[in-house]
Amino acid sequence: MKLTVWTYEGPPHVGAMRVATAMKGLHYVLHAPQGDTYADLLFTMIERRNHRPPVSYTTFQARDLGADTATLFKASCQDAVDRFDPEAIIVGASCTAELIQDDPAGLAETMGLSIPVIPLELPSYSRKENFGADETFYQIVKSLAKPQDRTKRVTCNILGPTALGFRARDDVEELTGLLSDMGIDVNVAAPLNATPTDIARLPAAHFNVLLSPETGEAAARFLEKNHDQPYTKVVPIGVGATRDFIAEVAKITGVTGRPDESRLRMPWWSRSVDSTYLTGKRVFIFGDGTHVAAHARIARDEMGFEVVGVGCYNREMARPIRALAKEYGVEALITDDYLEVEAAIEKLSPEMILGTQMERHIGKRLGIPCAVISAPVHVQDFPARYSPQVGFEGANVIFDTLIHPLVMGLEEHLLTMFRDDFEFHDDAGPSHHGGKAKAKVEDAPVEQVQPQNDNVIWLSDAEKELKKIPFFVRGKARRNTETFAQEKGLHEISLDTLYEAKAHYAR
Amino acid sequence: MNVPLPPTNGGCRTAPVLKERGQREVFCGLTGIIWLHRKMQDAFFLVVGSRTCAHLLQSAAGVMIFAEPRFGTAILEEQDLAGMADAHVELDREVEKLLARRPDIRQLFLVGSCPSEVIKIDLARAAERLSQVHAPHVRVLNYSGSGIETTFTEGEDACLASMVPVLKDTTARELLVVGALPDVVEDQMVSLLTDMGIGPIRLLPARRIDDTTAVGENTVFALTQPFLGDTHAALERRGARHLAAPFPFGDEGTTAWLRTIAAEFGVSEETFEAVTAAPRARARKAIAQAAEALRGKSVFFFPDSQLEIPLARFLTRECGMTAVEVGSPYIHDALHGPDLDLLPAGPQISEGQDVDKQLERARAARPDLTVCGLGLANPLEAEGLSTKWAIELVFTPVHFYEQAGDLAGLFSRPLRRKAVLQMEAAE
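Protein sequence lines correspond, in order, to chains U and A. Take 1 as the starting number for the first sequence in this note's numbering and just add one per residue. Take 1 as the starting number for the second sequence in this note's numbering and just add one per residue.
So that you can see chain A by itself, here it is in the shape it has in the complex (with noise of 0.2 angstroms):
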């Protein structure tokens, strides 16, 4: 009965992907820093780079950044362009510093970024160095935020990635979550599956670095992102499972991710209608409610952060909405295939970015709603679009039952707003 039905036309998985380069208006992985220092309350973020690199992190972290955050750039500079000899050197004594300053830190992240990466200081080799120097106190880890490798929330993927190595070994069966989500999600989330009986669970990333997150052969894991392809794959290397799943927004997502994960637990029936009953009425309430402004119009995604197939799927079944285009970076078939098999036939999928090209299509298609990054939603309102920013659907909390309406609601707010505002002469 819960098990969400494939659309009758058919899905979008075997849908021919338009993919394009060309340029692309996206962030690069150094923005999963600002969500991540966040979740992981012991870790530091050390991004290796230019200017350039501080200035973004400071634009994308707004106000965050006068609250003493974890995460800094050391700025490279002319000396440290003319040889490599003392790089590491340079790099040994800010992180000296840095940790003198702030011994609370317990792990140390250095991000590689597009200048790190260019000129090839290893810093691979500098973690395992500095792992040494301070251990057993502060672990030192190594991942690229680099543009040239990473989009948007892909920089979280590799930060997670980089941390499966380390992990424990374990032979129990245990279930890991994987993906950062907000601590109230987290939180909800635990109790649902708890509540069916399942356990224990592990997270990835946990909160702190002393929570006992192992890894195994008997380790089957579900994701909460869709970005967590290298993760994933890391994974698998150490012997796990995947459990794949459609991603658990809306009442239907977070229904079927469950689902998975109950059935992988012999969770009965009985059980699972028991812990999900009262929650998805409520979700199906607060969702009819929001989407009320939704129902029947056209929406348009530009590529972001690999969220845009699960939340099509999610407008397009649970608000009414048909899609016109869903662009997303990258699609990987084991991650988005799920969702892709439940969004009904229709939408251009798209992969990668002309960004001048994807904008002629916008404008000739005049959509209802067009989801995308902010250096696109004011000059796009002006043309007389409405908008929805992309990047607020990454940090506000929009996973599982209790968010679906606030989820639905993000999206209609703008459609709502236009329908308000009224600066014409009265007559």
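Isolated chain U, as found in the complex (with noise of 0.2 angstroms):
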């Protein structure tokens, strides 16, 4: 047993979910107890669907149990073909109905169904979200992808992009414009908005573009060994990683075709002169393994940042972001506790961290600003307006969403300026929302410093000098004064103290 609040992923039926409800003419038989319903919710009301996923359940209930649950399963199993004539069906069972025991496969098997009933089996006990996406759609590809003959034209497949995907509808559709700009046609996208019919003609593209990993990489697997389709290993996020993505595509191809670049503005923004002060800014960057890796690779070659620390929750990719990790010179953390990452995010004090809701709201107990770049994402993370991760577009795009939770370059040298201004001083609110600025009060007495650390304490001069400093960078400034002072064996901080630690910490 593993005490839990926040779970990274949920549970591998989840994942499965994620491509029924990503597909068209699919329905998934879900054998579950009353109440596994909820998650339907996530597809209802975070990506805003518009229709019930296409998943019936079971529901059992506990005057069920015992032979009853698998006559439930076939029923359920022949009401939701008849009810919604699917092309295909999947069957699986939920954590509890593991449990049981019944067989969903074993039992859809003998229904004598005209379609193709493809069973599934996700281990919930050890497994997670992640891979029950990528297990369904691996069993789906391997269950109805047909040997055909390849396109006249170079067409690939998109695959990987599921419901509940972190920006999948608009990575798709900026992917399609860029492979289209090199000549390349989109044969199908999967599972994202394919039907069983469009799975069939996957293996008639020339190669696969594997656009997530996470959710794609056992079926890329599969159809590079069974349909001989080599797929893309670099993922487009990023400025560099869409230019080594255009040029591993050339090489597979032998199309020569270049991209329109004349949109993508972000190099020239993070070249501008306002720009200069993220040089160095530290960052900690946590989330999914792809878009973590694509990330790291932004902060640090394309907007100058430092990559204080590195770290995925699915273990799937625990070895490339370790790797990545040594590539960086930090340390890799791999861990689904929340707690462990709010724990290393507190050592390392970083000025922003990129990461998913959770280190979202990390950020906020710890006055850190936070830019969210992976699932688990809320329901603002899905957003009405075009925001697309991938190609030139997503690089403007990332560009937006890394500054704007930071202070911006101008703004932050003036409050630098003027800290001790009468009238811009911290008690004197944001001028934007109207309210009057307080004049300062030159003799209120200083309000206690309150050490983190109880073995130092604050001498008033040391205090004075610390409530000058802008109240963002305020916080860093005193736990690493502390750390120094206690480093040094020192129990009182003084005014030469608080500098020498500022001048210690100086990059």
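These are computed hints drawn from the structure, not numbers from a lab. It is possible that part of the hints are untrue.
With a Cα cut of at most 27 angstroms, we get these calculated DSS-like pairs of lysine-lysine [said to hold, decoys possible]:
| hint | chain 1 | residue 1 | chain 2 | residue 2 |
| --- | --- | --- | --- | --- |
| 1 | U | 347 | U | 467 |
| 2 | A | 39 | U | 2 |
| 3 | U | 502 | U | 467 |
| 4 | U | 2 | A | 120 |
| 5 | U | 251 | U | 233 |
| 6 | A | 97 | U | 347 |
| 7 | U | 281 | U | 146 |
| 8 | U | 347 | U | 233 |
| 9 | U | 74 | A | 19 |
| 10 | A | 120 | U | 74 |
| 11 | U | 364 | A | 39 |
| 12 | A | 97 | U | 2 |
| 13 | U | 74 | U | 24 |
| 14 | U | 142 | U | 24 |
| 15 | U | 74 | U | 233 |
| 16 | A | 357 | U | 24 |
| 17 | U | 502 | U | 347 |
| 18 | U | 24 | U | 2 |
| 19 | U | 74 | A | 357 |
| 20 | A | 357 | A | 39 |
| 21 | U | 152 | U | 225 |
| 22 | A | 388 | A | 19 |
Combine both chains into one complex, guided by the hints.
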């Protein structure tokens, strides 16, 4: 047993739902107790879907336990086929049904349905959501993909975008445009918006673009092995990665078309003088492996940040993230325990966090700005506006996303310059809220500084000076100074200690 | 004068109930934790379950999960399923760690889930054992919030029922008010009853464990929530007597609820009038304003919380709506009877669910307003039906006089919104 409050990933059957809901003409019959339908609202609320997920639940209750549940499963299967008339169904068990051993696969096979029945084995007590999506998509592809001739034109499939995928909707569109610029058509993008018939057509493409390794890699490997389709290894998130991706596609296909870069604004934005202050901003990056790897490169090579820590919650990506951490000279944090993530962030005191919804809240608690770069995400990260992550427009979107939580260069400069100004002090409040600045009362008693560490005392001069530091870096200055004092064995922090610490940590 | 008159065409108490079984689009009882832990300030709810349970709580708790909440899930792993022997050792260790980290916790609920019930982990025995280990500082209790046994608000019922056997004995004649209410609503209720001279008033659940809630043969109890069937039975087993009344929604419901208690405690008509006249007038005025958009409109309830019947009574009698179908996950005559008596005959009363068939009925009826869960709300909106998502009715203060206008407002807002949104070209 393991005590958990937050979970980065749901159970594997939610991954299967992400594939089923992404597709059209496919139905999922899930052997599950009453209550597991809660997962429907992830799709209808977070993703704001305008239809119910194509999932039938057996919703067994205590009184059904025993021989009855198998009958219940068969009835649900038949009912789903009659009612929704799908091209194919996938069948499986949720965590509780896994325990009562009804074998949905065997039961469905004996029913003699006229459509393909794809059984799923999703071990709920050892694997999680992403595995569930990857495995489900793989089983669907394995069952339905048919050997066939290649298309005349150079075409590819886009593999991996699912329902509840972080920016999957717009990534597919951006990627389709990028490939089209190169002269390559998309044969099928799957599972998002694909039908079982489309899945059958997958082997007609010349190669596969693996958009999301977390949810598409098993299918990509299967298609490579059985249908001789190579797949791309670079995920085109970031300017450099997109260019590498274009080169990789050119190498696979021999096409020489160049995508249009006229609307790529990110490199100039990043070079312009207002971005100078971004140099060396210390960032901590956490999320799913794919987005973390992509953002580490963007952070270091395209934004000029210093990456002080990377990590991921999906152990399937542990190896590449460890290798990445080594390359960046930092420690990799592979964990699905948010308390460990919080501890790591607290220890590193980064100036910015790139993470998931959980890190956004950790950042809020610790007063560190945060941008969301990976699932799990909340409703605000399924935006109405076009917001891809991949390709050149994706790079523009990411630049804006990363800098918005930070104080802009000029603003930061002014704040520092006028921090002692009588109407521009901490308590004045933001002027754009229409509030009148309260003039600073010069001889007001200085508020007692609460040391975070019991072993050190702040002398009043140092305390006063600390208050002059802008509020958004004051916490870090205080922590650094206290750590410094402790390392030096000092029990009191004087003005000198404060500035010695500042010099010590200067970069 | 204030006694609500039964509808002239007869009520719904003897109306035929459509009982259905099939796919249910409902929450399990674990969701009760989300509001219960806010109410019981020194309690921690430890679910013994799977990643699905943790994921459900996270999805239901939304943003609240980030405020170091007093609930969590001990997720069963493969080795826990392999052999039963060390499930208890594992649980003891996790509880030990938890209580060390949260010394402020005085009551710990081990909450059973579908997985823990199916593999039959004896949480009752674990609770007894852990109670002994951590006594006197922490009391450990157990109940099941599993989907196979409980639907949504029944989780609160199971929790409160688990507390009844350990309540202190008393021979005093006391009023016990049962059901978790938002603090502001609870305070209003206590003050109304106190002003009538009724007391002492005990609450279940109390805000903290040290509060002296006791029960005995002279206890009379009133329920503020219609989903407390097991708690009702457990209290009767302790000798307490139930005061059956309509539930305190709207002016009429609140007055009838208070009147039942006032009659039991011999409060005079003058006192009752003096205490209730002003808040009643306020409630009537507020309802009249908020219910303008509701008059003459039809409403269809999908089953969710067991609040459906009293709410249908409020909407039909006080807001001028007509009910098409009133679905409830369970109907208890002792609890829902008084409200069914007042609900004008006409609507289909249904118990249980086969969601696809029920959706077909809703589509055929095209109600003006459909009250349903979040899994159905957006899909139905996309089909052109106006919906009110039901969960909000459990979280929002809606009981008693001062909230009566807000309650009507919750239902009228979706209709008003539909009327104001104009996306077509103006021409």
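Evaluated hints:
1. 347/U to 467/U: holds (23 angstroms)
2. 39/A to 2/U: holds (26 angstroms)
3. 502/U to 467/U: With Cα atoms ~15 angstroms apart, residue 502/U and residue 467/U stay inside 27 angstroms; holds.
4. 2/U to 120/A: holds (18 angstroms)
5. 251/U to 233/U: Within the cut-off at roughly 12 angstroms; holds.
6. 97/A to 347/U: holds (23 angstroms)
7. 281/U to 146/U: violated (51 angstroms)
8. 347/U to 233/U: violated (34 angstroms)
9. 74/U to 19/A: Since the Cα atoms of residue 74/U and residue 19/A sit roughly 22 angstroms apart, the hinted pair holds (cutoff 27 angstroms).
10. 120/A to 74/U: holds (26 angstroms)
11. 364/U to 39/A: holds (25 angstroms)
12. 97/A to 2/U: holds (11 angstroms)
13. 74/U to 24/U: holds (22 angstroms)
14. 142/U to 24/U: holds (18 angstroms)
15. 74/U to 233/U: Status violated; Cα separation ~41 angstroms.
16. 357/A to 24/U: holds (22 angstroms)
17. 502/U to 347/U: holds (18 angstroms)
18. 24/U to 2/U: At roughly 37 angstroms apart (the allowed maximum being 27 angstroms), residue 2/U and residue 24/U break the hint.
19. 74/U to 357/A: holds (18 angstroms)
20. 357/A to 39/A: violated (37 angstroms)
21. 152/U to 225/U: holds (22 angstroms)
22. 388/A to 19/A: Given that 27 angstroms is the threshold and the Cα spacing comes to 24 angstroms, the pair holds.
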